[in-house]
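Trainee: Please work from the sequences and hints to get the whole structure.
Chains as they are written, first to last, in UniProt numbering: chain A, 1 to 242; chain B, 1 to 52.
Everything labelled a hint here was simulated from the structure, so no lab data went into it. A hint or two may mislead.
[Claimed, not checked] What the simulated footprint calls covered on chain B by chain A, stretch by stretch (three residues with Cβ under 8 angstroms from a Cβ of chain A suffice, anywhere in the stretch; the number is not a length):
hint, segment
1, 3-10
2, 15-24
3, 28-37
4, 40-50
[Claimed, not checked] Not the full set, but computed from the structure, chain A residues with beta-carbon under 7 angstroms of chain B:
hint, residue
5, 17
6, 40
7, 54
8, 57
9, 108
10, 111
11, 115
12, 222
13, 225
14, 228
15, 232
16, 235
[To be verified] Here are the in silico distance ranges between beta carbons for each label pair:
hint, chain 1, residue 1, chain 2, residue 2, range
17, B, 21, A, 240, 27 to 35 angstroms
18, A, 2, B, 2, 49 to 57 angstroms
19, A, 141, B, 36, 25 to 33 angstroms
20, A, 162, B, 40, 46 to 54 angstroms
21, A, 201, B, 50, 20 to 28 angstroms
22, B, 40, A, 77, 26 to 34 angstroms
Bear in mind that the values here come from a model prediction, so they are computed numbers and not experimental data. All residues carry an ideal CB built from backbone N, CA and C; glycine is no exception.
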Amino acid sequence: MSLWEYANPKKFMQTSQAVLPVIWGLTALSMVVGLVWGFFLTPEAENFGSTVKIIYLHVPAAMMAINAWVMMLVASLIWLIRRHHVSALAARAAAPVGLTMTVIALVTGAIWGQPMWGTYWAWDPRLTSFLILFLFYLGYIALWEAIENPDAAADLTSVLCIVGSVFALLSRYAVNFWNQGLHQGATLSLDKQENIANVFWFPLLVCMGAFILLFVALVLERTRTEIRARRIKALIARERMA
Amino acid sequence: MIPDLGKYAGAVLSSYAISLALLAVLVVLSLWRAARVRRQLEEVESRRTSDG
Chain A
1 MSLWEYANPK
11 KFMQTSQAVL
21 PVIWGLTALS
31 MVVGLVWGFF
41 LTPEAENFGS
51 TVKIIYLHVP
61 AAMMAINAWV
71 MMLVASLIWL
81 IRRHHVSALA
91 ARAAAPVGLT
101 MTVIALVTGA
111 IWGQPMWGTY
121 WAWDPRLTSF
131 LILFLFYLGY
141 IALWEAIENP
151 DAAADLTSVL
161 CIVGSVFALL
171 SRYAVNFWNQ
181 GLHQGATLSL
191 DKQENIANVF
201 WFPLLVCMGA
211 FILLFVALVL
221 ERTRTEIRAR
231 RIKALIARER
241 MA
Chain B
1 MIPDLGKYAG
11 AVLSSYAISL
21 ALLAVLVVLS
31 LWRAARVRRQ
41 LEEVESRRTS
51 DG
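Mentor: Put into structure tokens, the structure is as follows:
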């Protein structure tokens, strides 16, 4: 069985219909477990006090804000190279989800920054690249809405997605490129010495899993809607021509 | 029972309230639009079938 089978809308609709209830169920379960564990059952951190509990939202949201754009990039490249409509529609479906994750990351970061850094905002490399990523999400969504022809919209938004990928990568690696600014390095690292304590790490892992599942569930659900909306347009166009 | 969040209670609680509200709005809007578009497609397809 080839992955390209799912480029067929009918096959995609059948498969997604079968898996969505399971993914929604796992999303709800992991979200409740992760957030309840992180909020109610973890201690205060030595340096951050109870604000450490914000990482259970901030880190998974920031991770998904970047990875949603990466997923959109892959889908856009598939559209540009192989012209599979489902991939273009999946990229479109993912954008509002990525935008919401970006807003959550920015807002929770600002709320955390006020007591810790003494300011809600600083023109720090990571914060600034995240703000630009947010603007790219807005531009991407606006471009899809502004162009009537769906194939032309998919082409132009794909190009915009490729350009915006620079800022998605910068959002992730800005703290490594520029050793300046307020934002600390990556919370998670393969280097054991830089990792956070297990008592915070395990619930964070569950929350990250929950956000990944939520993203998958929402993108599948929204892609199904985009496929249906496209079919409605096609049928109405046929009615008018008849 | 909410744990003692000390002087950072406002920051922590507002972070959770805003984030969960945003996620809830995203999920509800996505499911609402999914249901609306599904109904529309059924209408268009049934009209097409009845028109022969």
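Trainee: With reference to the structure, classify each hint as holding or not holding.
Mentor: Against the structure, the hints come out as follows:
no.	hint	result
1	3-10	holds (count 7)
2	15-24	holds (count 6)
3	28-37	holds (count 5)
4	40-50	holds (count 6)
5	17	violated, 11 angstroms
6	40	holds, 6 angstroms
7	54	holds, 5 angstroms
8	57	holds, 4 angstroms
9	108	holds, 5 angstroms
10	111	holds, 5 angstroms
11	115	holds, 6 angstroms
12	222	holds, 5 angstroms
13	225	holds, 5 angstroms
14	228	holds, 5 angstroms
15	232	holds, 5 angstroms
16	235	holds, 5 angstroms
17	B:21 - A:240: 27 to 35 angstroms	violated, 41 angstroms
18	A:2 - B:2: 49 to 57 angstroms	holds, 51 angstroms
19	A:141 - B:36: 25 to 33 angstroms	violated, 19 angstroms
20	A:162 - B:40: 46 to 54 angstroms	violated, 33 angstroms
21	A:201 - B:50: 20 to 28 angstroms	violated, 59 angstroms
22	B:40 - A:77: 26 to 34 angstroms	holds, 31 angstroms
This entry does not satisfy hints 5, 17, 19, 20 and 21, going by the numbered hints stated previously.
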